[in-house]
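Chains as they are written, first to last, in our numbering: chain A, 148 to 554; chain B, 148 to 554.
There may be inaccurate statements among the hints.
Stated by the list, open to error - Here are the computed distance ranges between Cβ atoms for each label pair:
(1) A529/A to A336/B: 56 to 64 Å
(2) K262/A to G357/B: 30 to 38 Å
(3) R467/B to N422/A: 34 to 42 Å
(4) K262/A to E525/B: 51 to 59 Å
(5) P412/A to G477/B: 44 to 52 Å
(6) K262/A to K465/B: 50 to 58 Å
(7) P412/A to G329/B: 40 to 48 Å
(8) E485/A to F175/B: 26 to 34 Å
(9) P197/B to K226/A: 54 to 62 Å
(10) G357/B to A383/A: 46 to 54 Å
(11) G357/B to K465/A: 52 to 60 Å
(12) Q505/B to L324/A: 42 to 50 Å
None of these hints come from the bench; they were simulated from the model. By construction, the Cβ of each residue, glycine as well, lies at the ideal position given by its N, Cα and C atoms.
Now for the letters of each chain:
2 protein chains.
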Amino acid sequence: MVSVAIMGHGVVGSGVAEILLTHKQKLFSGLGEEIYIKKVLDLREFPDSPIADRFTKNFEDIINDLEIRVVVEVMGGLKPAYDFVKRCLKAGKSVVTSNKELVAAHGAELLAIAKEENVNFMFEASVGGGIPIIRPMTQCLVANNVGEVAGILNGTTNFILTKMIEDGMQFEDALKLAQDLGFAERNPAADIEGHDACRKICILASLAYGKHVYPESVHTEGITAITLDDVNLAEAFGYVIKLIGRVKKLSDGRIDIITAPMLVPFKSQLSNIDNEFNGIMVRGDCTGDVVFYGKGAGKLPTASAVVADIVDCCKHMKERRFLFWADGDGRNIIDWRESVSAMFVRVTGADAAAKAEQIFGDINTVSDGDMLAFITCEMTYADFEEKCRTLESAGVRVLSHIRIGDI
Amino acid sequence: MVSVAIMGHGVVGSGVAEILLTHKQKLFSGLGEEIYIKKVLDLREFPDSPIADRFTKNFEDIINDLEIRVVVEVMGGLKPAYDFVKRCLKAGKSVVTSNKELVAAHGAELLAIAKEENVNFMFEASVGGGIPIIRPMTQCLVANNVGEVAGILNGTTNFILTKMIEDGMQFEDALKLAQDLGFAERNPAADIEGHDACRKICILASLAYGKHVYPESVHTEGITAITLDDVNLAEAFGYVIKLIGRVKKLSDGRIDIITAPMLVPFKSQLSNIDNEFNGIMVRGDCTGDVVFYGKGAGKLPTASAVVADIVDCCKHMKERRFLFWADGDGRNIIDWRESVSAMFVRVTGADAAAKAEQIFGDINTVSDGDMLAFITCEMTYADFEEKCRTLESAGVRVLSHIRIGDI
Chain A
148 MVSVAIMGHG VVGSGVAEIL LTHKQKLFSG LGEEIYIKKV LDLREFPDSP
198 IADRFTKNFE DIINDLEIRV VVEVMGGLKP AYDFVKRCLK AGKSVVTSNK
248 ELVAAHGAEL LAIAKEENVN FMFEASVGGG IPIIRPMTQC LVANNVGEVA
298 GILNGTTNFI LTKMIEDGMQ FEDALKLAQD LGFAERNPAA DIEGHDACRK
348 ICILASLAYG KHVYPESVHT EGITAITLDD VNLAEAFGYV IKLIGRVKKL
398 SDGRIDIITA PMLVPFKSQL SNIDNEFNGI MVRGDCTGDV VFYGKGAGKL
448 PTASAVVADI VDCCKHMKER RFLFWADGDG RNIIDWRESV SAMFVRVTGA
498 DAAAKAEQIF GDINTVSDGD MLAFITCEMT YADFEEKCRT LESAGVRVLS
548 HIRIGDI
Chain B
148 MVSVAIMGHG VVGSGVAEIL LTHKQKLFSG LGEEIYIKKV LDLREFPDSP
198 IADRFTKNFE DIINDLEIRV VVEVMGGLKP AYDFVKRCLK AGKSVVTSNK
248 ELVAAHGAEL LAIAKEENVN FMFEASVGGG IPIIRPMTQC LVANNVGEVA
298 GILNGTTNFI LTKMIEDGMQ FEDALKLAQD LGFAERNPAA DIEGHDACRK
348 ICILASLAYG KHVYPESVHT EGITAITLDD VNLAEAFGYV IKLIGRVKKL
398 SDGRIDIITA PMLVPFKSQL SNIDNEFNGI MVRGDCTGDV VFYGKGAGKL
448 PTASAVVADI VDCCKHMKER RFLFWADGDG RNIIDWRESV SAMFVRVTGA
498 DAAAKAEQIF GDINTVSDGD MLAFITCEMT YADFEEKCRT LESAGVRVLS
548 HIRIGDI
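Only chain A is shown next, with the shape it has when bound in the complex:
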């Protein structure tokens, strides 16, 4: 029997308890041991829970219990999760978390502590919810040099964009629908401004390239400025708009990482990943493109990934799993303005097509009433900004611009 504690009894935490209780027999037959929930930490009361007698409001009850070998952190946020996790690891307990904010902010430090204490720190659920991604990247693709990772990493924004694309809904209406359906929080900022997706691509980049990438080092744009005009004109060019977290390794060894809306071509495997689903593409030098698809959030999908980590911890009590990256100082990351991309641009103004062609060179254009949309060749963002200034000073107003995702 392995005794575990669960810190947090919210959506994911209650899901973890539910799976451990309802799938007890299946887990036992796979592991050869029972996983026993010894303590649940939450400040709230859950008198109707089948394990109501095991709740505690005091973290010390967990840290001081020598029988508890694995601690699940599903509280979210950094306070007090960060301190609690650090203390658990230092006390020789393995920790499993679904907390992407924690891993993105402190992953390198926590992995180093875990290594020192010879315990495991695992976080499959922190990226892609129920989609297997951390383990496939570290184990199945271990023989590959990863050239690029790109993904639709946030279900809320993907749901909103899908409603705009498929049903012609305005952004605000789609956001409200997402909130009504429980796909978006009352305060949706972390999702719609791209911070959640940014944390996830930071975790995947750290894993792929061995150095911690902190969210502050990553240029991040959300989807709040995307309009139906962008959606419709993108479609006219054969693209859908998706919020993409992407990291590429450049030939000089540095990485190019960004979170931003991108135009994804219809033929891309990421283009038809719709609604609240997530999809992640990993480009290996041996495998080529591999794509993982599924529910990126939700109670049971996320809890299922947490439980997989718990099982792995139980199987590797004496031996560490090989999950590690070093701390990073951001010097391996290029300035986002030096990142090269083709651009979709929506403009309005007299003779816009001729002026745009004069400034940007060879472009593809689509007109719609007073508006013109065009796609440029590849250039650095710095170059692009410069050209946009020239275009504006020629009397053409730039209404929006979105990167073309070559994925």
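Given the coordinates of chain A, work out where chain B should sit on it, guided by the hints.
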């Protein structure tokens, strides 16, 4: 340093050697040990190989070398692979294979021997080539009861069907193109008659449900009878035709397994997996649908999966990986004629629509010249056959019928 031997220096075997040599540093940094190719078994000569001095034609050189701890079997076929693998396991060596024929025919026995000898028997590359699937199913989805696994498991047939669908090529022309491009063998029977896909779904079914499913227990249909008329009429209903290996768990605990062409709805994630790519959907009770996509064959993708298994073996020298299923007697598999499915039917004859409606009840129809295509409600295959006989005796000729894949 871990010494390994590679049995077979064909497409996959030479790829394994190539990755171990070219990715030496990356593998070393992940594993903390060097993987050293001590012997390569092949009857042919490879004087230009950088490891030409390590080739042998004699299996005894491998089995008797106590330093060789991991043996890679990439010879293909059953003879002599089966004997060699068994002897290696019994000699206390871990074995990694990409040989789906071997795993589908003898997996249960070889897993039992591996368990007894406390060594590993791993076969990530046997299904889906470079796509991670065995490990995600056994580890990441461990907390799930798997309701269904369905996949496009054969790249050759998927390439042929894609050419028929997208370019309107005839089956024979598409097959010839696949052969010219190296996607199909000179004798393409194992692919186009569905046996290769069948072996792979057998492996996934054995893994998902814990009992060996032998290919002989699985009804298998290939794609040789698919015509452009089928392709075009399927499209008119909103479907594409794909060769699908599928296993479902029924409520009585038995499984329904089949390999056959199916109509896959446009909205399915499997519908736009094209050309030589593979895709596998796993339906977990916690995760919902998870889909894995990538190159299902080819030298480096497949070799990359083999190398991942080698690394895992090296990391788990003293400890077995938890990969296991028991032998099966087929009694947990329903008769394929009892399997329930809606059907796409293509017919010709006077008053075909009226007669079909009278016999099959509520149907959707599409006409094309003399032909009529219709889709039935769900019924057992036995019922369907019976109704087809009635339809034929009413003077309507059934030209083709294909299952509707609810995936």
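Going down the list of hints, with the structure as the test:
Between A529/A and A336/B the beta carbon distance is about 58 Å. The supplied range of 56 to 64 Å therefore holds. Checking the proposed 30 to 38 Å range against K262/A and G357/B shows it holds: the Cβ atoms sit about 35 Å from each other. For the pair R467/B and N422/A, the beta carbons lie near 41 Å from each other, so the given range of 34 to 42 Å is met. Distance hint check: the CB atoms of K262/A and E525/B are about 54 Å apart, consistent with the given range 51 to 59 Å.
At about 46 Å, the beta-carbon gap between P412/A and G477/B stays in the expected band of 44 to 52 Å. Taking 50 to 58 Å as the suggested C-beta distance range, the pair K262/A and K465/B does not conform, at roughly 20 Å. Checked against the hint of 40 to 48 Å, the pair P412/A and G329/B fails, with Cβ atoms roughly 27 Å apart. Between E485/A and F175/B the Cβ separation comes to about 32 Å, which falls inside the hinted range of 26 to 34 Å.
For P197/B paired with K226/A, a C-beta distance near 55 Å keeps the hint of 54 to 62 Å intact. Restraint check, G357/B to A383/A: a C-beta distance of roughly 52 Å satisfies the suggested window 46 to 54 Å. For G357/B and K465/A, the Cβ-Cβ distance of about 27 Å falls outside the hinted range of 52 to 60 Å, so the restraint is violated. Taking the beta carbon of each, Q505/B and L324/A are about 44 Å apart, inside 42 to 50 Å as hinted.
The structure is inconsistent with the numbered hints 6, 7, 11, although it conforms to all the rest.
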